[in-house]
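Q: These are the residues of each chain, in order.
There are 2 protein chains.
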Amino acid sequence: MAGATIAVASDHAGFDLKEILKSDLQHAGYAVLDLGTNSTASVDYPDFGEAMGEAIAAGKAEKGVLVCGSGIGISIAANRNPEVRAVLAHDATSARLSREHNDANVVAFGQRLIGVEVAREALKIFLATPFEGGRHAARVAKLSGVSKS
Amino acid sequence: MAGATIAVASDHAGFDLKEILKSDLQHAGYAVLDLGTNSTASVDYPDFGEAMGEAIAAGKAEKGVLVCGSGIGISIAANRNPEVRAVLAHDATSARLSREHNDANVVAFGQRLIGVEVAREALKIFLATPFEGGRHAARVAKLSGVSKS
Chain A
44 MAGATIAVAS
54 DHAGFDLKEI
64 LKSDLQHAGY
74 AVLDLGTNST
84 ASVDYPDFGE
94 AMGEAIAAGK
104 AEKGVLVCGS
114 GIGISIAANR
124 NPEVRAVLAH
134 DATSARLSRE
144 HNDANVVAFG
154 QRLIGVEVAR
164 EALKIFLATP
174 FEGGRHAARV
184 AKLSGVSKS
Chain B
44 MAGATIAVAS
54 DHAGFDLKEI
64 LKSDLQHAGY
74 AVLDLGTNST
84 ASVDYPDFGE
94 AMGEAIAAGK
104 AEKGVLVCGS
114 GIGISIAANR
124 NPEVRAVLAH
134 DATSARLSRE
144 HNDANVVAFG
154 QRLIGVEVAR
164 EALKIFLATP
174 FEGGRHAARV
184 AKLSGVSKS
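Chains A and B, in that order, give the protein sequences. FYI, my numbering numbers position 72 of the first sequence as 115, with every residue one higher than the one before it. FYI, my numbering numbers position 28 of the second sequence as 71, with every residue one higher than the one before it.
Do not take every clue at face value.
Note: identical chains are not told apart, hence a pair may lie in one copy or across any two.
[As the list claims (entries may be wrong)] Derived SDA-like pairs (lysine to any residue); straight-line CA-CA distance at most 25 Å: (1) Lys185 / Ala101; (2) Lys167 / Asp134; (3) Lys65 / Gly188; (4) Lys185 / Val86; (5) Lys185 / His55; (6) Lys103 / Gly158; (7) Lys103 / Arg155.
Everything labelled a hint here was simulated from the structure, so no lab data went into it.
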């Protein structure tokens, strides 16, 4: 999938890890769409989760990477968009399963909770793992049609 | 918060852990609203994540607990509802932070990824930890207003 466009976004508390993962992506041959933030000055994570949702829904990127302090808030924000399937990954195993079973298109990390090398490996595996389809396909389709009461 | 109503829901792959956590909640004095599933027969996790969203949005439960195999799919489904702030918790630390910073009202676990005792402790801490408010409040408010393009 090298050559594909991967969007990256973070808040201030995820900025450092976002920059590391962005560099990894560029070295691996991906085109990177950086949606910010661009410093450690305080910003609101929902704005960056929302920007990721818009980029994915508009087809500007095939997959996305999100980082905030815990990964929690920014992944909730991104999942508001029905086109996003964002996994809050704590390790390579959850990153792999999110691709195999959920066809996840966004991976979120918590800079204060995950080790740098664990995050780097989880991202690599996230991008390398195909969706299994089969019995999982109908469930994934339902994720875009879940009603918002 | 004993006496409050906590909703629980899972798919077949999360049924066993859901039953354990339900029992813990009942012993701790909570009222439990069980949204299913009620066996290990195959079902679709999005249906149960959606049911949780509807229960939370309708005020039928103050907080919720979700379980599927990885916790990923069911937490994505629940977060489609703008009234839900669901954390995929891998440990007590992420459960605590989700309450302090994100005012999370739903905690999701992956039965195949988390140890039973880790999940039991994470749920206990989730329910015992108050939201910090302050600078976090405006960001949490944005999570209910994130646009769905």
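Q: All the hints need checking, so say for each whether the structure fits it.
A: Each hint, compared with the structure:
no., hint, in the structure
1, Lys185 / Ala101, "both (20 Å within a copy, 21 Å between copies)"
2, Lys167 / Asp134, "both (11 Å within a copy, 23 Å between copies)"
3, Lys65 / Gly188, "neither (31 Å within a copy, 28 Å between copies)"
4, Lys185 / Val86, "between (33 Å within a copy, 12 Å between copies)"
5, Lys185 / His55, "between (33 Å within a copy, 17 Å between copies)"
6, Lys103 / Gly158, "neither (29 Å within a copy, 38 Å between copies)"
7, Lys103 / Arg155, "neither (29 Å within a copy, 34 Å between copies)"
Checked against the numbered hints given earlier, this structure breaks hints 3, 6, 7; the rest are met.
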